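Peer 1: Next come the chains, spelled out residue by residue.
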Amino acid sequence: MTTLKDRRYAHEDRSFHSARNFWSGFLVGLGFVAFFDETVFHQLLHWHHFYDLSTTDAGLVSDGFFHAFSWFATVGGLFLVADLRRRKAFWRKRWIGGIFLGAGIFQLYDGIIQHKVMGIHQIRYVENIWIYDVIWNVTAVIMIIIGAYLTAKTRPKK
Amino acid sequence: MHDHHTHEAAGWVWTDLLLLLPFAAAIALYIAASILSSRKLKNWPLYRTGLWVLGISFAAAAVTGPLAERAHTDFTAHMLGHLLLGMLAPLLLVLSAPMTLFLRSVPVSLGRKTSRLLKSRPIRFISDPLTASVLNIGGLWLLYTTNLYSAMHDSLLLHIVIHFHVFAAGYLFTISMIYIDPVGHRTPFIYRAVVLTAALAGHGILSKFIYANPPAGVDPQQAESGGMLMYYGGDAIDVIIIIILCYQWYKAARPRPSMTMNKSGDALH
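Residue numbers (the numbering used here), protein chains in the order written: chain A, 1 to 158; chain B, 1 to 269.
Hints listed in this document are in silico derivations from the structure and should not be mistaken for laboratory results.
What you are looking at is a predicted structure, and each value in this text was computed from that prediction instead of being measured.
Among the hints, a few may not be true.
Stated by the list, open to error - Chain B side only, calculated, beta carbon under 8 Å to chain A, not exhaustive:
hint, residue
1, Ile31
2, Leu130
3, Trp249
4, Ala252
Said to hold, decoys possible - Chain A is faced by these chain B residues, among others (derived, beta-carbon under 10 Å):
hint, residue
5, Ala97
6, Thr100
7, Phe102
8, Leu196
9, Thr197
10, Ile205
11, Phe209
12, Gln222
13, Val239
14, Cys246
15, Arg254
Even for Gly, the Cβ is constructed at its ideal location relative to N, Cα and C.
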């Protein structure tokens, strides 16, 4: 006899955990982009600045919340993966779709709202910054498209 | 001139020793309790004693000795002291489970009274993640965005009160987020996650605010390095709290054996 509760832990039925697969990917993707931004663009290349005089108050607050959230998202997202694995409910393709969407959406927000509207800092302090902006945001859109495609393809059947 | 200098130095040694007394007492008490209670009960883990000694040492290093001395004139040194006193020391002390040790060392009647106190309304209120975060992060905003920071250097009493607050609020904040010792009232994981993220954001925003707006009497360059130290140092310690919080969720959310009595029972392993 299989009850609903039992079904949750049956490994054939990963669709039961499809939302958790998606969101854990989304969180890890968002966290990874923020981590990459911090390590590569702030610390290694020194392109990004810790603080820009043109930063608005809203930019400071937005940056603070996203930074904190991405820190939590990375750790929390990975623990969710561990949870899915122990339940034998990990769904790699859907998870990767979540990663691309989380990464792309955060990168687009960072590139358009935080860099341009709120002016927290620019990608690099050079002339023709628009080239950097275009590459940055086009990359973000490509990630969103890949993520949306994978997410739609792995949508659980009702 | 020379005489005056040595006299002053000697004076510093005396106040330093006096300041060290409570810290030494805290270490001695903890070790005594761990040894005495291990006679009747199972051995108190040595690593917890190690964490306690380390935590007390970091707290002591922040308020006395060379670092505290430099903190009077050097804002970056002050910020390092703040990280030790308000974040690292509380975390290490919380991990050393002093309340558990206390409860197993005292007579049962006192233990019961303490448990009742922990469950009381006032304690419940101040150890709520939200209250603890406001006390912790709000206190820091008050310190660095008003003239409290410069006033602190003129008044010994204010100096002591502020440092005690930084430590106590840091400790309260940590016990409100991760459960090592017995807790009077547990709050949902997601609530703690949201409040912890907001508190971390408040800490990060204040770091950048200090970077751009040096507190009264602080050299702009020192404010920049102090602000960055606060930002990244805070991240480093907060990620440990985040990992422990998530790990405690992971353990609590494990699939129950009673639900896995069918063929998917292997999901347990």
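Peer 1: Okay, which hints does this one fail, numbers in order?
Peer 2: 1, 2, 4, 5, 6, 7 and 12
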